[in-house]
Structure formats: structure tokens, C-alpha cells
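For the protein sequence lines, the chains are A and B, in the order given.
Quick note: the first sequence uses my numbering, first residue 2, plus one each step.
Quick note: the second sequence uses my numbering, first residue 3, plus one each step.
Hints are supplied without guarantee of correctness; some may be wrong.
[Stated by the list, open to error] In silico PhoX-like cross-links for lysine-lysine, where the CA-CA straight-line distance does not exceed 25 angstroms:
# : chain 1 : residue 1 : chain 2 : residue 2
1 : B       : Lys141    : A       : Lys114
2 : B       : Lys117    : A       : Lys114
3 : A       : Lys114    : B       : Lys94
4 : B       : Lys45     : A       : Lys191
5 : B       : Lys45     : A       : Lys108
6 : A       : Lys114    : B       : Lys45
7 : A       : Lys107    : B       : Lys192
Keep in mind the hints are simulated off the structure, nothing from the lab.
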Amino acid sequence: MTSIINYNLGNPKSIKNMLSYLGIDAVISDDLNTLKSADRIILPGVGHFAHGMNQLDILGMSDIIKEYALTAQRPILGICLGMQLMTNFSEEGDVEGLCLIDAQTKKFQLQDKSLKIPHMGWNEVSWQKESPVLHGLSEKPRYYFVHSYFVECNNQNDVLGTTHYGQDFVSAFQHNNIIGMQFHPEKSHKFGMELLQNFTKL
Amino acid sequence: MPLQPRIIPVLLLHKGGLYKTKQFKKPSYVGDPINAVRIFNEKQVDELMILGIECSVNNSAPNYELIEEIASEAFMPVAYGGGVKSLEIAKKLFGLGIEKVVLNTVLQHNTQIIKEIGDIYGAQAVVACIDFKKNLFGKTNAYFKSGSTKADQSIAQLAKLYEAAGAGELLLNDIDRECTYSGYNQSILKKIVNTVEIPVVISGGASQVSDFSEAAQNGASGMAAGSMFIYQRPHNAVLISYPSNYFYS
């Protein structure tokens, strides 16, 4: 069973609905035992980094997630803010993250003033390494992004995909069982479905 | 290079159904909103905008049940507007799975709400909508409350005000052009794109794919349309359509 973490930020229902559309069972849960026993976990999230960490701490989930990802090394997928929360630190609120991957979250400082922040809309991902998550993707996939902060990996081997918006940034990372996607697969039609389906086979 | 601008179908909710108005008047029944969302799923739409058109006039709450169903069905981002008059209502909408809220009437007396929502959900989640139309003397004014209450400020003044308040995006909606197929108001679009740095979405009057290209050239980050996607001309029979790959044509 795939568990989608409910920590009162963002939008877990659309992920569950896309998985149901694919015939994949999933639960949205804030129950710590349900999360502990899940086959895989999705950490969604839209919103402010510090607020997100605060919620995870209040609900007692931070330690559970760390144990799940780092000690048990079970598959975990962070989406958008969920991906950023997996990093060590964010400039959004200047707070520490879950430290699941050696990376940090920074604010876009774009030289080209014609580019708007947030980076919002459909964009492409240039995949940087092979992964079962990328199995059988459609031609010319595009993904929906909405974010003002981006992830910077300290270990180049962790970079799964990059996207260009004024600069190249890490739009997906994978460190063994720990996966992050800056874009929203659940809002990216069939292109997102392919990634979610692959993740649920891990 | 800037992002490829988004094309955004606009669906109007009224009495639990999908309706279409002309110049904010004469709502006519179009069909079941969930069915429309499913069609737009298949057509791989960039983004959907759902507007509850009765909320501000009736001072009623959003139709949460229907919005939740729409958000759960939509495999694309969804923005919702109509009756979003407090942080609490916005919170509830985000909890239902909406990506963005569209604010209009509340901004007449409260622009602080933009920051309140943005602080929690990020600026990208807040769309400030400026409805505008011409008065009898041909002067274009901005309006609140479904075009019924004239704003004291000009469109450009409101645009700057909302940007300073922290809005992630502006929606410019030309009431006079709604459902007229007369093309977008490109001159106001150009003016506002040069006034603010945040993304600007234009709405009202879309008729053909070349309207999108022209708006994109004029700096629009998104092009919204209702009738063009929902009706088949000349008789406005209901037929949902959506252009594919218009930028490459």
C-alpha cells in the first residue's frame, strides 16, 4: 500500500485520485503507524517551507519519515515542497529540513528580469541518469511547475533531472530510495501518471 | 526563455451546474462540470479556472462539495475564484485540492489577505483578478463584485497595488468582451505587462488561436477563455474543444 502523508499542507487528494485512476491503492494518512508500515510513502506539499516543517514536527512525523527513509531505506517520493523538505535547509524561512539528502533549497535570483518568479507553468526535464522511475516515458514529456525556490544538490550523482528557467536547477533527484520531484506529477496528465506508476512499482 | 504561456479554460459554476454568461449576464446552462473536467483531462489542458459566479453577489460561500470533486478529478492545476473572502475560506479550498485562489471582491477593502494567503501557500497560489469594462462615456474602469461595484483606482493602480501586496499573478478580465469573440483587449494587456513584473493572464473575447499568439507576443503568461472552448459557433451549441500544439502550427 502506498501512503500519502497528510500534514495539512497542499493537496493529497489529487495524488490519490491519479493513483486510483491508474488502479493503484493508496491511503491519505496522518497516522504514524500507517506511515511506518507503508510499502512506500509520498510526501506532497504546497506552501511555505518553515510552515511545512513546523507541521511535520507538530504531528510527530519528522522522525518517522527520517527513520523510514534513512534507517529502513524504504521508497519515499517528495513532491514540490515535499521534495524541498527532504533537503538540509531552505532559504524560505531559514530553517533546517528533514536532511534526507545532501542538498539545500534556495530562492531563485534570476538575472533575466523578463522571467517571472514563481516559475509557474509547464516545462521540460532533462533526465540526467537512468532510474526505474523513468521507465517507458512518453516522447517530449512536460511537467507542471509552481515554485519560487529550487533545490541544489551537493552530490552530482543524486541529480535525476534538471530544468532550465533562467538557470539550470535540479527538478528531480534520486538517492537510492529517496526521490524528489519539484514539479507536480499529479497535475501533469499522462506524463505525471507515468512517473507515479513507476514509483509505485518500487 | 520565458515559459510557454498557458492556455486556461474557464468554467463558471452556478446553481451546482456549469454555466456560461455573456458580459457577466444571462447565465445559460452548459452541462455537468465534472464531465467537462474529464473532457479537459483527455485534452491535456494546461490549467483550469473555476469561478463560482453567484458567490460575491449573493454573499454566499463557495460550493465546497463540487469544488472538491472537481479538484480530485482534474489531472491539471485548478484555480478557483468566487466567494474567497477570508483566509479561512482560502485554507479550506487549498485543503480540497485547489492550486490557486482567485480574489476580486474581497480586495476592495482588504489587500492584506493576499499576503496572509501567500505567507502560507506561497505567492504563486494567489491570483488577483481585475474585472473591467467601459462606462457610458467610453472610459474603462475596474470593478468588484461581478462587475457591479466600480473601483476608485484605475486598472494600472490596482495592478501595482496587488503586486506590492504580494500577488503571484494578475488576471485581467474584460467584461465587455466576454462571450463576444471580439479578441482580447491587447492594449490593456500590453499596458499592464509593462506596469508589473508578475505574470499576467488575459481573459475575455478569445475567438481563435491567433488571439493566443498575439497575447503571448504581448507578454501574457496565460490566456483564459470560456466560450471558445465550450461553444461551437455560430449558434453556440455546447461542444468542448481545445487547441493542440498551437504554438507549433
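Looking back at the hints listed earlier, which ones does the structure fail to meet? 1, 3, 5, 6, 7
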